[in-house]
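**Student:** Quick mapping for you: the protein sequence lines, in order, are chains S and A.
Its first residue numbered 533, the first sequence is counted upward by one per residue in my numbering.
Its first residue numbered 4, the second sequence is counted upward by one per residue in my numbering.
No lab work stands behind these hints: they were computed from the structure.
Incorrect hints may have been included.
Footprint (simulated), chain A over chain S, 3 or more residues, beta carbon under 8 Å [stated by the list, open to error]: (1) 537-544; (2) 558-569; (3) 620-630.
Cβ coordinates follow ideal geometry from the N, Cα and C atoms, glycine included.
One-letter residues, chain by chain:
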Amino acid sequence: MEKFKLYDAEYKFASIIWDNEPVNSTKLVRLCADKLGWKKSTTYTVLKKLCDRGVMQNQEALVTSLIKRRDVQKYEINAVVEKSFAGSLPQFLTAFLGGRKLTEEDAEELKKIIEESVE
Amino acid sequence: MSLQGIFISILNMSVTASYVAAGVIFVRIFFRKAPKIFSYVLWAVVLFRLICPVTCAAGFSFLGLLHVDSQNNRAVSDYVPHDIGFRQTPTIQSGPGVLDRTVNSSLPQAAPMASVNPMQAWMEVLSLIWIAGIVALLSYSVISYIKVKKQLRTATLVKDNIYQSDRIGTAFVCGFVRPKIYVPVAVGDADLSYVLEHERTHIRRKDYLIKPLAFFALILHWFNPLMWLSFALMNRDMEMSCDESVLQRMSREAKGGYAGSLLSLSAKRNGLLAANPLAFGESQIKSRIKNVLNYKKPPFWVIVLAAVAMGVLIAALATNPKPSHTGSNTYSGYSIEKLIANKTPYVGHNSKVVGLIDAMPLPEGIARGAVELQTVNPPYGIIINYIMRDSAGVMVNGAINTHVFFPNAIMLFSLIDNVDVIKCQITDQTGQDEGTSYYLTYTREMAEELLGGDVRIFAAGAGTLKNLIDRAANTKSGTGIVPPATASAQIEGYLKIIISSPQASSNPYDYINAHQNEYESILKMGDVALTCLLSEFEKGGHDDLKGYIMMASCKELLGARNNVTDGTLTPQEWYRALSIREEVRLPDFEYDGQDPIEKFVYDTEIEKHSGYQRGGFTVVAPKIFGSYEEGDLLKVFVTTYSASYKLYGNALAAEGGGVIPAAITYRKDNSGRYILERYEQAGDGSQFPTSIRKYCSMPASGRAIEGLADRILAHYADYEDIRILLYDNLTKHLRMNGVYNATLTNSLGEVEFRLGV
Chain S
533 MEKFKLYDAE YKFASIIWDN EPVNSTKLVR LCADKLGWKK STTYTVLKKL CDRGVMQNQE
593 ALVTSLIKRR DVQKYEINAV VEKSFAGSLP QFLTAFLGGR KLTEEDAEEL KKIIEESVE
Chain A
4 MSLQGIFISI LNMSVTASYV AAGVIFVRIF FRKAPKIFSY VLWAVVLFRL ICPVTCAAGF
64 SFLGLLHVDS QNNRAVSDYV PHDIGFRQTP TIQSGPGVLD RTVNSSLPQA APMASVNPMQ
124 AWMEVLSLIW IAGIVALLSY SVISYIKVKK QLRTATLVKD NIYQSDRIGT AFVCGFVRPK
184 IYVPVAVGDA DLSYVLEHER THIRRKDYLI KPLAFFALIL HWFNPLMWLS FALMNRDMEM
244 SCDESVLQRM SREAKGGYAG SLLSLSAKRN GLLAANPLAF GESQIKSRIK NVLNYKKPPF
304 WVIVLAAVAM GVLIAALATN PKPSHTGSNT YSGYSIEKLI ANKTPYVGHN SKVVGLIDAM
364 PLPEGIARGA VELQTVNPPY GIIINYIMRD SAGVMVNGAI NTHVFFPNAI MLFSLIDNVD
424 VIKCQITDQT GQDEGTSYYL TYTREMAEEL LGGDVRIFAA GAGTLKNLID RAANTKSGTG
484 IVPPATASAQ IEGYLKIIIS SPQASSNPYD YINAHQNEYE SILKMGDVAL TCLLSEFEKG
544 GHDDLKGYIM MASCKELLGA RNNVTDGTLT PQEWYRALSI REEVRLPDFE YDGQDPIEKF
604 VYDTEIEKHS GYQRGGFTVV APKIFGSYEE GDLLKVFVTT YSASYKLYGN ALAAEGGGVI
664 PAAITYRKDN SGRYILERYE QAGDGSQFPT SIRKYCSMPA SGRAIEGLAD RILAHYADYE
724 DIRILLYDNL TKHLRMNGVY NATLTNSLGE VEFRLGV
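Next up, chain A with everything else stripped away, as it sits in the complex (with noise of 0.2 Å):
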């Protein structure tokens, strides 16, 4: 650490301890009935402060109380910045209130031109000041304790560890390991009890130590003169509880000549003495006398009233606040006041809106630019524009996390009640990739997934959002966009060792078995890895080895998006035959007969097994096995076939599906609509024969149905009957949807199922 370092360590530690000191002094005014070992106690805090940089923080600390609001939010308090001088407009934070204003505008601007900022030259002349004053005073302070030490050198034994001296005025404690008490030769043995009295409660409670050190911390902040207000005021509570200390031991008529001892010893005062802080002359005689004579035997229940207030108080003003409760409200970076007043049930309200957006934190290098709504038609939209200086805070191992906004997408969907998409577009000006954008879109329906029901509930109150803040942040991990620089380096990086080997086939699938896992990586690059492909063959000149593995990763990726099916042509021909398909956006699929049970089932099958896939749409084919009503409860034994398509052109692609057997039991509610109230599926593997036994019983008395369980296993094994009712039910599908042509082709390249034509 730098000279200025410490330095402005020091200026911060400075700040701290005069808030604390001021608190102390006011304190003080309620405690000047109490024993003064409780001031004294107090500034042992302030001590703390001075040369302690680091404390903890609670929620009951002084400085919260105050607004103290420090640059930030550690057990360190910054009032300065460490890089102030550096800053283009140099600030400080020192608590609420004018100062800082003013500080603040006479603090030098930085002038880009220049060299050397000037308020760093100035911080550097001002940590020059502050050396030369602490090495000043403590140069004085060991000179005259070397002095004192000297003189006192003949000082004569009286006995144990007291020494008379006719060098010195006034009595006092010095050394360090082995204090010694010196006395006047011309004490009296009246007062010489008193006297000695008072030092060895010096002694004994370690008050030869605590002076110097608070003398120390008082020299290394020599430029505060509230430190220098709060060291007198120290020394005045330290004496005096010393005082009082004596007194509590003696007896009642004591009082008396205990005062005029300390009358009679200020009487001989030593110039030198008094102002050397390393020894102990007595000091504010008038005051002590006053204390003295004043001083009643506090009962003990304001001994425990003042030792519990002192506790409190201690801890108060040793702690910094915590982070949540400096300045504004946050919590976990977001600004829950200012959600909560920026709540808003549309998406045009414009002010609220972007109100919202700027209360949520955002990732390192990353600042907002333009944002724009989309509120003519729905689905209504917001789209976010961010501008990337540093790509730091939102890459994960090289590519950009798609799901980095997703949290605060997810505050928009909450908070907005008629929000149904919210787009981020990030402008690269990293300097590398400088101008590309990358697109990160969430839907409503993303965040409802995720949540597992409407995230507007949690717009309720701060607990709620904080609730949902929390769990907003456990989805920060999504799949990775890669720059489109950093992809197609990393492409021809895994192509190149594909082709490298066997150099003896052909086949360019010898290749790419060979390196399973470079073709694997190619692939999970997704849709950047294809445009990066494309564009390769966009180029031409592809009709090597490497062209063709180029073919065959682009031929993957695509899936039914290609229109191509003629293998036989070189990767280039290919390309120029390509035209990759759209997707078709279908609706799930609806029942649309008259059977009331079936449309139950339909319902909830399309329900259950929907929204797995963004994009697509689902078919189910259920079978019915039979319904079974038992007072308000309805079950109903299915087992169904479903499957989700995406249509590019007028290719299908299958996107998942499955046969499961399931009982679905409905309530009847007092309107006689029926509701689901529960959905038992089979189980997997060997629980499966045993789940389906299991759940084929009564809806209310739970009695086992004779042979259903047999009749659906049965079932299971030739599901035959359903796989038709699917595809009925699909084509029947397609054609309300107007979609008269359309092919499913298998893994295998053979068709599984086709309309028209």
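Okay, chain S solo, but in the shape it has when bound (with noise of 0.2 Å):
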């Protein structure tokens, strides 16, 4: 599981290759340093560490992912639901909502997500 868990910049530097996956690492380098003002070795060695622990791969200089965007939101509002909340989804979304009026859509939205999850 811990390979889901991922630093602030781990984490954006993920994003970028989310965003343009499949992406050459040459490029990768260059979206590096413009979004995120990293030099070239420290995107080579934040890749590197990411593709040990199995969430991206470079393969001939192609960087795509293992684990995708939607594994991570996954595993970090699990781990803020077990953290905080008791494993408790009705107290989490209770503190999510806090006050905070939805919209008509939104709120359509959701009751498909639950309907759809209720087994």
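Join these two chains into a complex; the hints should help.
**Tutor:** Okay, here's the thing in structure tokens:
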């Protein structure tokens, strides 16, 4: 499960790959320099680290993701729900919504998601 | 410079900086309410003192105020002397008080037999410990800096030079050339604007460079706890002044928000970063929040006042005291206070006289020995014994400078009312001419002649004494006394050159004429040469060419003191017949006639012409052409034949003289006495006739006196009358003084004047 845990910088880096994959590594270096202010060596170091953890893969200078954005988001949410709301989804939702008003469409979509996930 | 040398320099800078840091900490108390930028700027002076060993000296120095007396008075303060490892009794002088005494009593003394002075060994160990500490601290900071840099590598760009990272707990600036601002990811938008403003201010003020520099200085002085305290306080002042600078540019309402941001960031501090001074961690949150909440824009007058006070303080803290202000009040090596305190009318006052002598500087290599006082009969004198261990301080071109103690003697004549003669006896202990003594004699007349009057008036106060010191210092060049060994070697060298050519001749004067310069050099050495040459004759065997040249030199040096007139004697025969005549001291001529005007003229002329020769006496013979009275002025026109002589046994030697026309004006004072008002002398050369015509006028109205100048000029062409008068006066004068037999011979050997027989 640890491979889903991404630091802030790693998450931002991964986002660039998710948005552009499959991406040529030279192009990735340029993208990181522009968006993150990274040096070439930093980009390669972080890429290597993520490849070693099986998050990304780099085959013949073409970078693609093994773990998708959704997987990471799922992990992050679960971690928050586990840690702060004792695994209770309703509590989490209450806190998340806390006084916030939902639009008609948002509410409809949420209902749909909940119904689909009910077994 | 050795490691030890550098360490000692650092030690000295550390002591100075400690004083300055203590001063800054003290001053900060008064600047509590003022903008913190002032306190921050003050630390720059401490930093300057920690890094720069030299500064300029100024009278208003803060260190002078504390009477910090370092061991030498230069732009560099030396509390710990650089040769401490080599001193018999090592001492430090870090300032007033008990500390030095405690430290000094704990410093190990040198044991004369040991090969290594324990203090030297100690200094070696201490400097090694010092350098080890520097290496340790430097490597720790470099390593932690590299660690931080590595962590920050993956920080992501927000915009411009702002980066975000989830590895850090607080915002800071990092980098030297292009500094970047790093912000924790978790900082909210509200806090972010404050945080960024704060960090941008740091960058604008170059704090990111100042702090590492200060830390580097701290590493050099790591052994000084006061510097660690100073570093911490400086950081605090830096942050607070930075906060204030931010608030000044923000609205009034921003105060609360800014303080809140400080608090929220402080909650997430990261231990490693807080300890690393190369990056900008936030510190002292509580006092900073208080400072922010209490912050009011200072009124303009407070800023102006604080800025002026700051300028003065910085100048005072950054400078060293002036040499004359360090320790006791000295001026050119003279302790003015002691001179004034020991001023005395009587040479018999032993302790005061010695006190005066010891308040004066001595040339290098000279130490004072016993002081003897001659107080029974006049002339009253002081004999000061000196021991010469190194001749460099008193020798000029291989000869002892006879004026080397003259400035000090002048001071003594000024400060001791009744002393007439000061004799300095210098005993040679340099190893060369070991045990030989040189005598330098100074008389009150010499001092008065030099200063143009009574030197006692200069003893009135510190100002006049300093004036006298300056004027006396200009007298340091005299004739040289050549030490005997050097002198005889020199004379031997000159003689060898003289007898080398022209070999064809047997006349010694041919050899002398061929080597005028060498011969003159021998004569210039004066009595030293005479002593050497006579002691050579005493050894015997000098009837050769060299002996003849030696005899010729001796005869010239002796002059009238030579009693042997027989020119046919060989050198050794001449030496056997020689009995050097002692000088008979006579006073100057005194007029004993009844004519009041003649009496005035004689007195004035004697005064004008005597005193140029030391020893000897002066006789004058004036011819008076007329005296004119107008109002209370009396003008007398004279031509005076004056001559100075020395008397050796019954041989007179002419020392100088001349025939000079003059006009003397006297003024009658209230009690009817005539006081000398003006003395006009005929000019030289082509000016001679015109200057006489010019002064041949009435005393008050200035109306020309018909025919007077012509008479004076005509007489000047043939002054046989006053020549006869001069010898008459000389005869009278010698008889008056009990001399009934005397002869004056001119340079050609002809008798010019003979008395008696």
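**Student:** Please go over all the hints and tell whether each is borne out by the structure.
**Tutor:** Hints versus structure:
no., hint, in the structure
1, 537-544, "holds (count 5)"
2, 558-569, "holds (count 3)"
3, 620-630, "violated (count 0)"
Against the hints set out earlier in the document, a violation occurs for number 3 only.
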